[in-house]
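Engineer: Sequence:
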Amino acid sequence: MTPMNDNIITVLDIGTSKIFGLSALIKNTGIDVIAADIQSLPEDVIKKGRVADIEETTNVIFSVIKNLQTKTGESIDWVTIGIGGGHLKGENYTRSIQIEPAGREINENDIQTLRREINSTAIAEKGPEKKILYTVPQQYKIDNMNITKKEPVGMHGNVLEMSVHSITVDANPLKDIKNCIKNAGAQVENIYPHSWAAAEAVLTEEEKKLGCLLMDIGKGTTDICFFIDGNIVVTDSIKIGAGNIDTDISMLLHTPLTYAEEIKKKYGYASYPLLLKEENNNILSQTVEILNTSGKLSKNVTVGQVSQIVYDRIEELFSIRIKSLLMKTGAAGLAGASVVITGGGAKIKDITKISEEIFGLPSRIGVPKNLLDMDIAFQQPEFSTGIGLVMLASKQVKEHKKKDPLQKVKKIFERWF
Numbered sequence: 026m027t028p029m030n031d032n033i034i035t036v037l038d039i040g041t042s043k044i045f046g047l048s049a050l051i052k053n054t055g056i057d058v059i060a061a062d063i064q065s066l067p068e069d070v071i072k073k074g075r076v077a078d079i080e081e082t083t084n085v086i087f088s089v090i091k092n093l094q095t096k097t098g099e100s101i102d103w104v105t106i107g108i109g110g111g112h113l114k115g116e117n118y119t120r121s122i123q124i125e126p127a128g129r130e131i132n133e134n135d136i137q138t139l140r141r142e143i144n145s146t147a148i149a150e151k152g153p154e155k156k157i158l159y160t161v162p163q164q165y166k167i168d169n170m171n172i173t174k175k176e177p178v179g180m181h182g183n184v185l186e187m188s189v190h191s192i193t194v195d196a197n198p199l200k201d202i203k204n205c206i207k208n209a210g211a212q213v214e215n216i217y218p219h220s221w222a223a224a225e226a227v228l229t230e231e232e233k234k235l236g237c238l239l240m241d242i243g244k245g246t247t248d249i250c251f252f253i254d255g256n257i258v259v260t261d262s263i264k265i266g267a268g269n270i271d272t273d274i275s276m277l278l279h280t281p282l283t284y285a286e287e288i289k290k291k292y293g294y295a296s297y298p299l300l301l302k303e304e305n306n307n308i309l310s311q312t313v314e315i316l317n318t319s320g321k322l323s324k325n326v327t328v329g330q331v332s333q334i335v336y337d338r339i340e341e342l343f344s345i346r347i348k349s350l351l352m353k354t355g356a357a358g359l360a361g362a363s364v365v366i367t368g369g370g371a372k373i374k375d376i377t378k379i380s381e382e383i384f385g386l387p388s389r390i391g392v393p394k395n396l397l398d399m400d401i402a403f404q405q406p407e408f409s410t411g412i413g414l415v416m417l418a419s420k421q422v423k424e425h426k427k428k429d430p431l432q433k434v435k436k437i438f439e440r441w442f
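Counting in the numbering used here, the sequence shown runs from 26 upward without gaps.
One thing to keep in mind: the hints can contain errors.
Said to hold, decoys possible - Straight-line C-alpha distance at most 35 Å; calculated DSBU-like pairs for lysine-lysine:
#	residue 1	residue 2
1	K264	K91
2	K52	K372
3	K291	K302
4	K91	K72
5	K423	K156
6	K394	K291
7	K233	K291
8	K423	K175
9	K290	K91
10	K114	K420
11	K234	K156
Stated by the list, open to error - Computed beta-carbon distance windows for the label pairs:
#	residue 1	residue 2	range
12	N171	E424	22 to 30 Å
13	K72	N32	31 to 39 Å
14	A77	A127	53 to 61 Å
15	M170	T229	26 to 34 Å
16	I148	V313	50 to 58 Å
17	Q421	S323	49 to 57 Å
18	T283	K174	45 to 53 Å
19	T54	S323	55 to 63 Å
20	I148	T229	32 to 40 Å
21	S349	D168	33 to 41 Å
22	K423	E303	49 to 57 Å
23	A149	K324	50 to 58 Å
Hints are computed from structural coordinates only; laboratory data are not their basis.
Here the structure is a predicted model, which is why all the values come from computation and not from measurement.
Glycine included, each C-beta is placed from N, C-alpha and C at the ideal position.
Given the sequences, and given the hints that come with them, work out the whole structure.
Structural biologist: So, in structure tokens, the structure goes:
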């Protein structure tokens, strides 16, 4: 096994039902995916983004890393991971400071002073059990007039104002994930919210500019982010996923949970109320035979029964949870905005139709952008987060190479100490 190549990155998308690992080579011409591995997670090992079984999670992560090492011939010591679950949340903050003496040149210390004040406010509001993952600048104002997205170092002013999007996570669940990876023989180098990674993989710059809601519907959670004018203004993770629909079908139709997902995929239309309004549409009245709780084919249900169950849960997620959240943050109703749905839940029949009905915005399914030599099998919504993690990690590598030698040494010391 050769030492880890600085141009090779490895990412782990740790979800409720699977762990998806990718190793990629960073080239001048792009990103070359050189190895991939997927391992299923047993039920209840990771629940709503939180590790529920340390030993089993570690074993699966170890298996993924080992397989990637075998395929690449490289030692994997550092990984980039994505996180979600209900313990992650974004908030917007705006703070200002007086420039003293008035009218002097703004420097990096002023920026860092504002950042520290905002971080202190975030921790005070959220509590010591929270950890700040990112503080992303949205814009700067000088004397309440000059607005810029770039750091205004070198400009002159009396008052400097900074608006940021701050991401906090529960510290303990994050520690658990890090420990699982450490026990599997690697260390965490970078961490990104699932929705940010998915957005990197499926959104265009124009969509981010005009306004876009990204929904990454996994099995256990739905991770969202909303862009306005290219800035992230909403980041959240909701404890409802496609797996909740499976549970609903299992309970209401008295069929095994392991079979409920298949029923959902085959017969569940998210557009149930729209189909009801269509004349001469006999889809909902079609009868299908499903397994009963004893595992025998002996129960008849209609497509309409299945579809109503699917719709009820999707309507709760889209309307009650996500739309109301956007309205509270002032992100709803933006002209020119759109919705992009990705993740495994994006494959539910007619999900874009009901999205357009509920949000009143054009909606599409997001599939990851093609990378060099990427297997076409991974150009599916359920792999968006993993592909996006590779893209974000590659940007980090390129930024790191631009830094001066002293900064690189500092990074090494930060890793080890």
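Engineer: All hints, please: hold or fail.
Structural biologist: Hints and how they fare:
1. K264 - K91: holds, 31 Å
2. K52 - K372: Cα-Cα ~33 Å, so holds.
3. K291 - K302: holds, 21 Å
4. K91 - K72: Roughly 24 Å separates the two Cα atoms, so the pair holds.
5. K423 - K156: holds, 26 Å
6. K394 - K291: holds, 27 Å
7. K233 - K291: Distance of about 33 Å is within 35 Å: holds.
8. K423 - K175: holds, 19 Å
9. K290 - K91: holds, 33 Å
10. K114 - K420: The hint holds at about 23 Å.
11. K234 - K156: holds, 29 Å
12. N171 - E424: 22 to 30 Å: holds, 27 Å
13. K72 - N32: 31 to 39 Å: Holds: the Cβ-Cβ distance is about 36 Å, inside 31 to 39 Å.
14. A77 - A127: 53 to 61 Å: holds, 56 Å
15. M170 - T229: 26 to 34 Å: Given range 26 to 34 Å: holds, Cβ gap about 32 Å.
16. I148 - V313: 50 to 58 Å: holds, 53 Å
17. Q421 - S323: 49 to 57 Å: holds, 55 Å
18. T283 - K174: 45 to 53 Å: holds, 49 Å
19. T54 - S323: 55 to 63 Å: Between T54 and S323, where Cβ atoms are some 58 Å apart, the hint holds.
20. I148 - T229: 32 to 40 Å: holds, 35 Å
21. S349 - D168: 33 to 41 Å: 37 Å Cβ-Cβ, so the 33 to 41 Å window holds.
22. K423 - E303: 49 to 57 Å: This hint holds: roughly 51 Å between Cβ atoms.
23. A149 - K324: 50 to 58 Å: holds, 55 Å
When the structure is compared with the earlier hints, no violation turns up for any of them.
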